[in-house]
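All residue numbers for the sequence shown refer to our numbering, where the first residue is 5 and numbers rise by one.
Because the hints were derived from the structure by calculation, they are not lab data.
A couple of the hints might just be wrong.
[What the hints assert, rightly or not] Distance condition first, Cα-Cα at most 25 Å in a straight line; then the derived DSS-like pairs of lysine-lysine:
id, residue 1, residue 2
1, 164, 151
2, 164, 117
3, 401, 151
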Amino acid sequence: MTAMNNVGRVTRIEGAGSVAETWTGNRALMLEEPLLFERGALDRCGVDLPTVPVVQDRLAGLGRADPIGLPGLSEPEAVRHYTRLSRQNYAIDLGIFPLGSCTMKHNPRLNEKMARLPGFSDIHPLQPQATVQGALQLIDTLATWLKTLTGMPEVAMSPKAGAHGELCGMLAIRAALEARGDARKVVLVPESAHGTNPATAAFCGYAVENIPANARGRVDVAALLARLGPDVAAVMITNPNTCGLFEPDLVEICAAVHAAGGFVYCDGANFNAIVGRVRPGDLGVDAMHINLHKTFSTPHGGGGPGSGPVVFSAALAPFAPLPFVRKTRDGLELVEEMQARDSRDHDQSFGRMVAFHGQMGMFVRALAYMMSHGADGLRQVAEDAVLNANYILASLKDVYTAPFAASGPCMHEALFSDDFLHDTGLTTLDLAKAMIDEGFHPMTMYFPLVVHGAMLVEPTETESKASLDQLIGAMRSIAERMLADPDAYRSSPHLAPRRRLDETAAARKPVLSYKDAA
Numbered sequence: 005m006t007a008m009n010n011v012g013r014v015t016r017i018e019g020a021g022s023v024a025e026t027w028t029g030n031r032a033l034m035l036e037e038p039l040l041f042e043r044g045a046l047d048r049c050g051v052d053l054p055t056v057p058v059v060q061d062r063l064a065g066l067g068r069a070d071p072i073g074l075p076g077l078s079e080p081e082a083v084r085h086y087t088r089l090s091r092q093n094y095a096i097d098l099g100i101f102p103l104g105s106c107t108m109k110h111n112p113r114l115n116e117k118m119a120r121l122p123g124f125s126d127i128h129p130l131q132p133q134a135t136v137q138g139a140l141q142l143i144d145t146l147a148t149w150l151k152t153l154t155g156m157p158e159v160a161m162s163p164k165a166g167a168h169g170e171l172c173g174m175l176a177i178r179a180a181l182e183a184r185g186d187a188r189k190v191v192l193v194p195e196s197a198h199g200t201n202p203a204t205a206a207f208c209g210y211a212v213e214n215i216p217a218n219a220r221g222r223v224d225v226a227a228l229l230a231r232l233g234p235d236v237a238a239v240m241i242t243n244p245n246t247c248g249l250f251e252p253d254l255v256e257i258c259a260a261v262h263a264a265g266g267f268v269y270c271d272g273a274n275f276n277a278i279v280g281r282v283r284p285g286d287l288g289v290d291a292m293h294i295n296l297h298k299t300f301s302t303p304h305g306g307g308g309p310g311s312g313p314v315v316f317s318a319a320l321a322p323f324a325p326l327p328f329v330r331k332t333r334d335g336l337e338l339v340e341e342m343q344a345r346d347s348r349d350h351d352q353s354f355g356r357m358v359a360f361h362g363q364m365g366m367f368v369r370a371l372a373y374m375m376s377h378g379a380d381g382l383r384q385v386a387e388d389a390v391l392n393a394n395y396i397l398a399s400l401k402d403v404y405t406a407p408f409a410a411s412g413p414c415m416h417e418a419l420f421s422d423d424f425l426h427d428t429g430l431t432t433l434d435l436a437k438a439m440i441d442e443g444f445h446p447m448t449m450y451f452p453l454v455v456h457g458a459m460l461v462e463p464t465e466t467e468s469k470a471s472l473d474q475l476i477g478a479m480r481s482i483a484e485r486m487l488a489d490p491d492a493y494r495s496s497p498h499l500a501p502r503r504r505l506d507e508t509a510a511a512r513k514p515v516l517s518y519k520d521a522a
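Required output: the full structure, derived from the provided sequences and hints.
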């Protein structure tokens with residue numbers, strides 16, 4: 005019996021033959037789907053509508069006189085079109101999403117059910133605070149957990165994404181420096197940091213200087229210490245870093261930065277690897293954002309609602325943004341205005357990040373995840389994520405180039421390069437396209453930049469050994485076949501609904517309107 009890949013790999017029984025082309029263009033249940041404009045006619049309607057009577061124009065001639073040019077389709081035609089397109093999507097509910105640096109973990113349905121409970125899903129941000137005490141209690145409880153897990157005394161809940169959280173942390177650092185009359189203008193960013201870090205620092209008006217990585221994939225501490233001085237406002241560091249490695253010298257780095265009068269911002273996007281195991285506050289970090297979608301399973305990005313709370317050290321707590329939840333004798337209060345200067349609550353706040361309190365639905369999902377796991381379960385999340393990544397690294401390092409495998413275990417993600425393909429003329433892009441034919445979403449490519457042709461694989465803790473073995477088997481097979489027959493992989497994918505696309509042109513010169521070729 006032929007083994008079948010359960011994430012969409014096209015297979016055939018040996019000796020049964022195959023059909024290269026079909027009259028429809030369909031390939032079994034992989035349906036060829038034209039555009040709506042190509043499927044529906046512009047001169048007809050998909051439903052029967054009465055003739056529109058002539059009425060007086062009340063738009064003073066501003067109305068559109070020429071036809072809109074929308075295709076006419078019936079309801080079944082429209083529904084089938086979008087259903088067919090949806091079947092061509094890859095999703096975490098179909099198979100493993102090995103994107104390194106992104107932590108694409110399963111979103112438990114329990115969390116979704118909790119977020120849809122009346123009282124959470126239907127509240128309005130302008131309701132009187134007396135009517136949303138339960139929601140404020142949830143925000144306060146989640147904030148307490150985040151402070152406990154990070155060892156930090158203050159948290160801003162309102163930032164709506166990781167990069168938004170970075171901006172929040174850096175604005176607090178800038179406010180702290182301005183409060184003491186310190187006009188520092190430089191932010192140091194290691195090569196192994198997330199790509200948004202230098203962009204955020206530049207957006208805040210700082211000059212960004214790069215700190216190199218050492219041969220072990222960590223921050224070159226000597227280079228960093230040599231650059232510290234009275235002009236350095238902060239160091240933005242990612243830990244675990246984007247090479248998938250823990251920064252063992254972070255305590256020393258933080259102490260040196262503080263001694264030089266600066267602050268340490270930690271990118272917490274990889275907190276999933278250390279949650280319940282390491283508290284960033286104990287390492288000396290001053291500010292860190294936490295991507296709730298990367299560590300606490302709220303849905304991941306894609307332009308939808310995100311959430312990036314920021315925790316602060318005691319030195320930055322007075323400068324944290326509004327609003328924040330405060331307990332009073334009458335219940336909980338969402339403080340939305342600056343407090344009196346004799347108050348210890350955000351008395352030097354730099355202001356607001358958002359109009360209201362943040363993403364309520366994401367808060368509900370994150371707290372549901374925390375409560376269902378408990379403290380011991382969250383610790384196991386980190387342990388299993390690290391175990392899975394090291395299993396992948398150990399299983400592939402004899403075939404793929406693993407530049408830092410000799411420097412000890414990785415954390416949450418395994419980093420490979422395409423150096424093993426050097427003699428074939430193939431690249432990371434060719435390998436990623438071949439993974440599509442195997443039914444897998446490719447890993448993160450060409451990032452971090454410290455490794456040539458980088459391939460960053462993050463399995464997360466939510467993948468079973470069986471699913472990891474399937475990914476490992478496919479990656480091994482692809483590498484071996486590419487080395488044996490390079491020419492067969494210069495045009496991959498061969499089995500996808502579309503062949504290799506010009507992704508650069510699609511990003512830089514998108515065609516956003518339809519023009520009839522006739």
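Worksheet item: Which earlier hints can't be squared with this structure?
Response: Those not satisfied come down to hint 3.
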